[in-house]
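Trainee: Heads up: the sequence lines are chains U and G, in that order. Under the numbering used here, the first residue of the first sequence is numbered 138, with each subsequent residue one higher. Under the numbering used here, the first residue of the second sequence is numbered 138, with each subsequent residue one higher.
Simulated from the structure, these hints should not be mistaken for laboratory data. Given the structure is predicted, the values throughout are model-derived calculations rather than measurements. Glycine included, every Cβ here is placed at the ideal spot set by N, Cα and C. Hints may be right or wrong, so weigh each one.
Claimed, not checked - Restricting the straight-line Cα-Cα distance to at most 30 Å, the calculated cross-link-like pairs of lysine-lysine (DSS-like) are:
no.	chain 1	residue 1	chain 2	residue 2
1	U	Lys-383	U	Lys-197
2	U	Lys-383	U	Lys-253
3	G	Lys-393	U	Lys-393
4	U	Lys-253	G	Lys-393
5	G	Lys-197	G	Lys-383
6	U	Lys-253	G	Lys-253
7	G	Lys-383	G	Lys-393
8	G	Lys-253	G	Lys-393
9	U	Lys-393	U	Lys-253
Unchecked claim - Partial chain G-side listing against chain U, Cβ under 7 Å, derived:
no.	residue
10	Arg-163
11	Arg-248
12	Ala-300
Protein chains: 2
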Amino acid sequence: MTAVQAPPSAPEVLGRCRGLVQPALREAVGRLHPWVAEMAGYSFGWCEVGGAPAAAPGGKGVRQALSVLGAEAAGADGAAGVPAAVAVELVHTFSLLHDDIMDGDATRRRRPAVWKAYGTGPAVLAGDALFALAVETLATAPQGAGTVRLLSAALADLVRGQADDLLFATRPWTGPERVTADEYRSMAEGKTGALLGCAAALGAVLGGAGEGTADALDRAGRHLGIAFQLVDDVLGIWGDPAVTGKPVGGDLRQRKKTYPVLAALDSPAARGLPELLDAPGREAEAAALIDAAGGRTAALTQARAHTATARALLSAAPLATEAAGQLVQLLDHLAGRQL
Amino acid sequence: MTAVQAPPSAPEVLGRCRGLVQPALREAVGRLHPWVAEMAGYSFGWCEVGGAPAAAPGGKGVRQALSVLGAEAAGADGAAGVPAAVAVELVHTFSLLHDDIMDGDATRRRRPAVWKAYGTGPAVLAGDALFALAVETLATAPQGAGTVRLLSAALADLVRGQADDLLFATRPWTGPERVTADEYRSMAEGKTGALLGCAAALGAVLGGAGEGTADALDRAGRHLGIAFQLVDDVLGIWGDPAVTGKPVGGDLRQRKKTYPVLAALDSPAARGLPELLDAPGREAEAAALIDAAGGRTAALTQARAHTATARALLSAAPLATEAAGQLVQLLDHLAGRQL
Chain U
138 MTAVQAPPSA
148 PEVLGRCRGL
158 VQPALREAVG
168 RLHPWVAEMA
178 GYSFGWCEVG
188 GAPAAAPGGK
198 GVRQALSVLG
208 AEAAGADGAA
218 GVPAAVAVEL
228 VHTFSLLHDD
238 IMDGDATRRR
248 RPAVWKAYGT
258 GPAVLAGDAL
268 FALAVETLAT
278 APQGAGTVRL
288 LSAALADLVR
298 GQADDLLFAT
308 RPWTGPERVT
318 ADEYRSMAEG
328 KTGALLGCAA
338 ALGAVLGGAG
348 EGTADALDRA
358 GRHLGIAFQL
368 VDDVLGIWGD
378 PAVTGKPVGG
388 DLRQRKKTYP
398 VLAALDSPAA
408 RGLPELLDAP
418 GREAEAAALI
428 DAAGGRTAAL
438 TQARAHTATA
448 RALLSAAPLA
458 TEAAGQLVQL
468 LDHLAGRQL
Chain G
138 MTAVQAPPSA
148 PEVLGRCRGL
158 VQPALREAVG
168 RLHPWVAEMA
178 GYSFGWCEVG
188 GAPAAAPGGK
198 GVRQALSVLG
208 AEAAGADGAA
218 GVPAAVAVEL
228 VHTFSLLHDD
238 IMDGDATRRR
248 RPAVWKAYGT
258 GPAVLAGDAL
268 FALAVETLAT
278 APQGAGTVRL
288 LSAALADLVR
298 GQADDLLFAT
308 RPWTGPERVT
318 ADEYRSMAEG
328 KTGALLGCAA
338 ALGAVLGGAG
348 EGTADALDRA
358 GRHLGIAFQL
368 VDDVLGIWGD
378 PAVTGKPVGG
388 DLRQRKKTYP
398 VLAALDSPAA
408 RGLPELLDAP
418 GREAEAAALI
428 DAAGGRTAAL
438 TQARAHTATA
448 RALLSAAPLA
458 TEAAGQLVQL
468 LDHLAGRQL
């Protein structure tokens, strides 16, 4: 008699997928120039500067899990999604390396960012190498042309989202030149959603899914990305630094055009907020006023709406039941982090 | 009666190929985020900072010409090679943008480098966007998987060559840790040869060539790249700054491990050269000693040998006569620049 098993939790799903993908990811990184491989290994948390082995926290591994689950949702073995998983983790790491340079972020996962640890030039190079390796990984896997097309479209969106995000910094808080909620959504979809959607869609394609199914997974991933970014924005203002690993008020100090701020600015209760946002050292007051003006609630409402859309897309698509259940579990876990 | 026409000169070949490729290149760049497209246009010499049209010198367009001639050498119309030409020009420009950051080169083609004109972060982003666009261009063209595989292999070599070049700077002039001629060749093949070889091979594949022909063109391009780099090294020490656009003694001031220096250091006539190379302001003396120790002659001899190998590879391959003749013409032109 088999005992009835509880469905796996999101951390269990992430752990299982990581176990499936890690050997291939390490093998791919091992083919890089040794110096570049060390920088990549440092980013993944596998080693320290100089190459000594480490077990530093890497990322959550969301993207690789989406690829594995995408393949399983298409009815294939999770192993079919591994080339997609490797490619999207490489692209994600490439984008973190380069984004940290662009944003001047000196810390990543509680360690010096690669550009701080190795220098800006080497960090640019390591990112380029990971990018090239991701493309090579897909191009040499089955259905190369189709999967590379999906990846390059996501890359174009990712760059476009990052460009918008950088340009948002030059825009005013109010007036006709202000950043609108629509522009925010488009930026978040590009910067965060495109690769999440691509991860799931690529896995599905490698698992033999038709275009409709891959497209539904892509769109679900994009909505998940927007929800993820919205939650990130909330955590960036009100999150516990001990949990988020980010400094208190960092996003406010950097005058980022995050959604809670944009939503609050639209409210009559936010009188005086633009001045507060521009005043150094008054981040705590600004955070309180954003909250009072409804910025936090608006962001969380939006996040829930995008999560619901993603969930609806998943239930409407013809997916294998077990994998679909794990995708939803992952979705709820990510959209509900520490709130 | 048709007058007998002289075969076109290398500049005529370059001009004809440029005319064929430019509309597609401009169309591709036009699909980028407007800000990124401006940085790309600035790099290509099409506009000034701010977007005002310009006709600044772009590159020579060697890579796009190799793709067009590769397609013609395979018996196809040159237009068949255009997607390859667009992709390799985008990759070349991406690598210039990022290399200028890594090498700290503030000037490119007599104008401020993109990172100087727009900032380091934006230049990183623009490079990434061009890279992604190159991959997309090939993935959506015929034979996507095969051509993307060729491109990603060249990209891996390019990054490996750039990594070696950066690490050469940390090595001593003499002793067991010195940079050997073999290591130099491998670096130059990766950094300069891989993309030239790939350009011709991609064009040939799109023109319908078999694997053997594409491979011969790839190898010829790699030898051309090594020759090109050797000539660049000579010009970097003894070239006329008014012609090269590079400052006198720049390579020596940056203590680059160029071939003339490495070759001279192997000669007993180079006594005292390491000390001279490390002494600021003594570049003219160093250049004279490198010359006296045979460094310039050795580099030019090597360049001629690699050009001859490239020419031999081209004559042994089953190429369309007219295109093959133009490839050789281009080869001789590039390897014989201003010497």
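Trainee: Look at each hint and say if it fits the structure.
Mentor: So, going through the hints one by one against the coordinates:
no., hint, verdict
1, U:Lys-383 - U:Lys-197, "holds (16 Å)"
2, U:Lys-383 - U:Lys-253, "holds (16 Å)"
3, G:Lys-393 - U:Lys-393, "violated (41 Å)"
4, U:Lys-253 - G:Lys-393, "holds (24 Å)"
5, G:Lys-197 - G:Lys-383, "holds (16 Å)"
6, U:Lys-253 - G:Lys-253, "holds (20 Å)"
7, G:Lys-383 - G:Lys-393, "holds (14 Å)"
8, G:Lys-253 - G:Lys-393, "holds (22 Å)"
9, U:Lys-393 - U:Lys-253, "holds (22 Å)"
10, Arg-163, "violated (17 Å)"
11, Arg-248, "violated (21 Å)"
12, Ala-300, "holds (4 Å)"
Hint violations for this structure: numbers 3, 10, 11, all remaining hints satisfied.
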